[in-house]
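As given, the protein sequences belong to chains A and B, one line each in that order.
All letters in the first sequence, in the order written, are residues 15 to 511 by my numbering.
All letters in the second sequence, in the order written, are residues 15 to 511 by my numbering.
Any given hint could turn out to be false.
Note: identical chains are not told apart, hence a pair may lie in one copy or across any two.
In the DSS-like style, the derived pairs of lysine-lysine whose C-alpha atoms are separated by at most 30 angstroms in a straight line are [stated by the list, open to error]:
1. Lys289 - Lys325
2. Lys19 - Lys153
3. Lys479 - Lys295
4. Lys289 - Lys479
5. Lys470 - Lys300
6. Lys466 - Lys120
7. Lys374 - Lys429
Hints were generated in silico from the structure; no laboratory data involved.
2 protein chains.
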Amino acid sequence: MSPRKIGVTELALRDAHQSLMATRMATEDMVDACADIDAAGYWSVECWGGATFDSAIRFLNEDPWERLRTFRELMPNSRLQMLLRGQNLLGYRHYEDMVVDKFVEKSAENGMDVFRVFDALNDPRNMARAMAAVKKVGKHAQGTICYTVSPVHTVDGYIKLAGQLLDMGAESIALKDMAALLQPQPAYDIVRGIKETYGDVQINVHCHSTTGVTLVSLMKAIEAGADVVDTAISSMSLGPGHNPTESLVAMLEGTEYTTGLDMERLLRVRDHFRKVRPKYKEFESKTLVDTDIFSSQIPGGMLSNMESQLKAQGAGDRIDEVMAEVPLVKADAGQPPLVTPSSQIVGTQAVFNVLMGRYKVMTGEFADLMLGYYGECLGERNAEVVELARAQTKKEPITERPADLLPPEWDELTKQADALPGSNGTEEDVLTNAMFPGVAPAFFATRAEGPKSVAKSEAQLAAEKQAAGSAPQGIAGPIKYNVTFAGRQHSVSVEPV
Amino acid sequence: MSPRKIGVTELALRDAHQSLMATRMATEDMVDACADIDAAGYWSVECWGGATFDSAIRFLNEDPWERLRTFRELMPNSRLQMLLRGQNLLGYRHYEDMVVDKFVEKSAENGMDVFRVFDALNDPRNMARAMAAVKKVGKHAQGTICYTVSPVHTVDGYIKLAGQLLDMGAESIALKDMAALLQPQPAYDIVRGIKETYGDVQINVHCHSTTGVTLVSLMKAIEAGADVVDTAISSMSLGPGHNPTESLVAMLEGTEYTTGLDMERLLRVRDHFRKVRPKYKEFESKTLVDTDIFSSQIPGGMLSNMESQLKAQGAGDRIDEVMAEVPLVKADAGQPPLVTPSSQIVGTQAVFNVLMGRYKVMTGEFADLMLGYYGECLGERNAEVVELARAQTKKEPITERPADLLPPEWDELTKQADALPGSNGTEEDVLTNAMFPGVAPAFFATRAEGPKSVAKSEAQLAAEKQAAGSAPQGIAGPIKYNVTFAGRQHSVSVEPV
Numbered sequence: 015m016s017p018r019k020i021g022v023t024e025l026a027l028r029d030a031h032q033s034l035m036a037t038r039m040a041t042e043d044m045v046d047a048c049a050d051i052d053a054a055g056y057w058s059v060e061c062w063g064g065a066t067f068d069s070a071i072r073f074l075n076e077d078p079w080e081r082l083r084t085f086r087e088l089m090p091n092s093r094l095q096m097l098l099r100g101q102n103l104l105g106y107r108h109y110e111d112m113v114v115d116k117f118v119e120k121s122a123e124n125g126m127d128v129f130r131v132f133d134a135l136n137d138p139r140n141m142a143r144a145m146a147a148v149k150k151v152g153k154h155a156q157g158t159i160c161y162t163v164s165p166v167h168t169v170d171g172y173i174k175l176a177g178q179l180l181d182m183g184a185e186s187i188a189l190k191d192m193a194a195l196l197q198p199q200p201a202y203d204i205v206r207g208i209k210e211t212y213g214d215v216q217i218n219v220h221c222h223s224t225t226g227v228t229l230v231s232l233m234k235a236i237e238a239g240a241d242v243v244d245t246a247i248s249s250m251s252l253g254p255g256h257n258p259t260e261s262l263v264a265m266l267e268g269t270e271y272t273t274g275l276d277m278e279r280l281l282r283v284r285d286h287f288r289k290v291r292p293k294y295k296e297f298e299s300k301t302l303v304d305t306d307i308f309s310s311q312i313p314g315g316m317l318s319n320m321e322s323q324l325k326a327q328g329a330g331d332r333i334d335e336v337m338a339e340v341p342l343v344k345a346d347a348g349q350p351p352l353v354t355p356s357s358q359i360v361g362t363q364a365v366f367n368v369l370m371g372r373y374k375v376m377t378g379e380f381a382d383l384m385l386g387y388y389g390e391c392l393g394e395r396n397a398e399v400v401e402l403a404r405a406q407t408k409k410e411p412i413t414e415r416p417a418d419l420l421p422p423e424w425d426e427l428t429k430q431a432d433a434l435p436g437s438n439g440t441e442e443d444v445l446t447n448a449m450f451p452g453v454a455p456a457f458f459a460t461r462a463e464g465p466k467s468v469a470k471s472e473a474q475l476a477a478e479k480q481a482a483g484s485a486p487q488g489i490a491g492p493i494k495y496n497v498t499f500a501g502r503q504h505s506v507s508v509e510p511v
Numbered sequence: 015m016s017p018r019k020i021g022v023t024e025l026a027l028r029d030a031h032q033s034l035m036a037t038r039m040a041t042e043d044m045v046d047a048c049a050d051i052d053a054a055g056y057w058s059v060e061c062w063g064g065a066t067f068d069s070a071i072r073f074l075n076e077d078p079w080e081r082l083r084t085f086r087e088l089m090p091n092s093r094l095q096m097l098l099r100g101q102n103l104l105g106y107r108h109y110e111d112m113v114v115d116k117f118v119e120k121s122a123e124n125g126m127d128v129f130r131v132f133d134a135l136n137d138p139r140n141m142a143r144a145m146a147a148v149k150k151v152g153k154h155a156q157g158t159i160c161y162t163v164s165p166v167h168t169v170d171g172y173i174k175l176a177g178q179l180l181d182m183g184a185e186s187i188a189l190k191d192m193a194a195l196l197q198p199q200p201a202y203d204i205v206r207g208i209k210e211t212y213g214d215v216q217i218n219v220h221c222h223s224t225t226g227v228t229l230v231s232l233m234k235a236i237e238a239g240a241d242v243v244d245t246a247i248s249s250m251s252l253g254p255g256h257n258p259t260e261s262l263v264a265m266l267e268g269t270e271y272t273t274g275l276d277m278e279r280l281l282r283v284r285d286h287f288r289k290v291r292p293k294y295k296e297f298e299s300k301t302l303v304d305t306d307i308f309s310s311q312i313p314g315g316m317l318s319n320m321e322s323q324l325k326a327q328g329a330g331d332r333i334d335e336v337m338a339e340v341p342l343v344k345a346d347a348g349q350p351p352l353v354t355p356s357s358q359i360v361g362t363q364a365v366f367n368v369l370m371g372r373y374k375v376m377t378g379e380f381a382d383l384m385l386g387y388y389g390e391c392l393g394e395r396n397a398e399v400v401e402l403a404r405a406q407t408k409k410e411p412i413t414e415r416p417a418d419l420l421p422p423e424w425d426e427l428t429k430q431a432d433a434l435p436g437s438n439g440t441e442e443d444v445l446t447n448a449m450f451p452g453v454a455p456a457f458f459a460t461r462a463e464g465p466k467s468v469a470k471s472e473a474q475l476a477a478e479k480q481a482a483g484s485a486p487q488g489i490a491g492p493i494k495y496n497v498t499f500a501g502r503q504h505s506v507s508v509e510p511v
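Same shape as in the complex, but just chain A (with noise of 0.2 angstroms):
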């Protein structure tokens, strides 16, 4: 029997430098891997989406919609991925549906094949527009399922929703584990439920490697029947990114399993990055590896997030307080996964309850939360604190699809844009500014000058290397001597690096 081909989709293009530096990576970075990924046999190439879009703007001047169809370009053999947060988009509200429509079908049209939609608080409601429209632009419309941990969250649950998102006419399932917190038994339990009680649907795991142990979780996955699994090349791997493409490639050897790369790719595709990390040297976590979460529930960027806002109130002393508030907070909510803009929005409340005592003040955002304006949770929301929420905000709680409320605002937003300086009157020019109102106009000014990239240049990395290692003389080395020092006698051999 020929060993079952599994699928793999490479994430360095998007999310490998979204989690490892910060989303800092220039698109001159990347093309020049583009040839090697495209040609190496990939399912496919994560490239846009998640955070770029904003990043690209905000830091790089560099036109998102460009990027995109310069990948386009350089890889016409691949599968163009990007991640897109529901009815979000890649911003931070929520969008009246002909703007999600008019946003996929211009991603669409530049040259993105497979739409990677979730929401963060896994309600169906908030992906179900973007889906559709996905699949109006004959694309590949990909349903999400957010892992979390929590007690009303059950591997049971996770199949019913995928049952959801199929009937909502998702193509592939992806479960997605962005807090490393996926272990390999609940890993086969999921993947192996919703092929059992679906049939053949195609499964798609994203895992983070923070915590060290999801690589193992791939492999379970794999064995209860996932297709298709996400990896970054090694060069641009682990920590709080992923696990490395060429471990998983060896990890399969001589099982019934291949992934079909072409290895010979990789090692370029890897030698490409190992150039290019360290020059996002200052951009980089300094996480190895960390399982606390496992026992905190907390994900390492929101722990440092309320250890700055407690510094900040000179409370650096009360993290373990607040930590301890966390899962309380949670819970009142409705036991939201913890990823953006959920784990930023219930720490800041729990340093809040710390430092004010509970619920004295709310933020506008945990308003929203416990009154319903970001959708549904799994669990049950607290009623006390919904009718605090509500006396507080003078808003009401709503029951119905956040963007349900929302009148059409395609019009103005055109209106908006075009009145940019340095608007080019595109419509995809005015998805980038309805999505960033805050930064587009500065970008738009500003696009004309091209690209600036924050990296180090390898002139600046060499001087650094020499400045911190300068030996006052150059020698030619190496020279051998033998030094004896405390009585020993140690052959010694010196030469420049």
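We have chain A; now place chain B onto it with these hints.
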């Protein structure tokens, strides 16, 4: 059914710092973790042997026997474990049997419980005496399979070797993967094969993490019946080291296996070494993950050795030729596993072959390897090369156990040691000098001065950090500014690092 208990061997005190920081960790940086390690519920604590003995006297002015007694005292409830290179003990030549007996006897007397006995060539005759000596003193004799990949190494071959070790009285079998080459499928097959062939013999699995894939191998080994696996606490893990202990615990949660480890204790051990590790940063390798060995079969350390040999000869550009030569030399030598010392012997000969013509000049060590003076390999040696070795060295090939050629040497070794200034007249000192005659005399002379750590102090680290991040004027920050740059306003927060 209650889950099956998987034993864990903690490596932080031996192989972890040997692999991550060139074996430089001083006892003073370990003692404060011992109480927690002792109470965490490990199957054993590897804490001695390997390169630690050499390193202690060569770099740290520490008496290794004293270190062992310290561990014994601080971890009264733990099985202490060591790595023992069979007839080589901890040195670099074969010793006559009585020296082997004495070493094992003294190690047991000073507190050792579990002796993991291995031979670089997997020649059982080189392990037999040490294992018999361990059994004689009533301690745990663990026979070891060094895992490698070659045309002559098969799953069946490893199973057969396990049988030979059991025949020699091994109380357990270690499957030792020093190059992180053990992929999940062979891990499963070998462990399963041993269990099916010999019944319920205890199997310990030791993997490095260099290739990023071996936590999966541990999972498959456990599924196949492995009883104990080796890991290192997360703050002393990964890279050329080992898989993180806490990740192993998380990996097994919810499965039919459990480690039974006390997570509170583990976190205290982690926090301890999290503080210690930066003190040894200058000794750390930069390797995070490296899967090259799967294609090249050349361990990272061996590769960098060959590269520096080539550079010293002004032939740094010929590394590709040398890498192509290695498999040929390895095959000629009968496919020895490439570990210390065989990796150096094969690698240096490959360099010589490229620089001077194939086997025009043989190193003494390579000739000895070809003539049987290190023992037998699994493969056939190339008869023509054996003949060349004989011609160049005027030595005859042997087929007997190398140590059988050695005359009694204990009395002479005793005399030598007793004559050294600073020797304390103990059999321990005789053994120290016997194993490291080039280092022990100077160590004895300076021993009274006490340990000399090569770690940076916390004050030094703090000073370096301050120097690196020094601002000309200190600010108390964080201070927030609105900064307008290239037409865009940014909210900027400034604070001292």
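Here is how each hint holds up against the structure:
1. Taking CA atoms no more than 30 angstroms apart as the test, lysine 289 paired with lysine 325 passes between copies only; the shortest distance there is 22 angstroms, against 37 angstroms inside one copy.
2. Proximity of lysine 19 to lysine 153 under the C-alpha cut-off of 30 angstroms is restricted to the intra-copy arrangement: shortest distance 23 angstroms within a copy versus 48 angstroms between copies.
3. Both within a single protomer and between protomers do lysine 479 and lysine 295 lie at most 30 angstroms apart by alpha-carbon distance, with minima of 13 angstroms and 16 angstroms respectively.
4. For the homomeric pair lysine 289 and lysine 479, the shortest alpha-carbon distances inside one copy (14 angstroms) and between copies (26 angstroms) are both at most 30 angstroms.
5. For the identical chains of this complex, lysine 470 and lysine 300 are neighbours both inside a copy (19 angstroms) and across copies (20 angstroms), given an alpha-carbon limit of 30 angstroms.
6. In this homomeric assembly, lysine 466 and lysine 120 come within 30 angstroms of each other (Cα to Cα) only inside a single copy, at 25 angstroms, whereas the closest approach across copies is 67 angstroms.
7. In this homomeric assembly, lysine 374 and lysine 429 never come within 30 angstroms of each other (Cα to Cα): the closest approach is 41 angstroms inside a single copy and 82 angstroms across copies.
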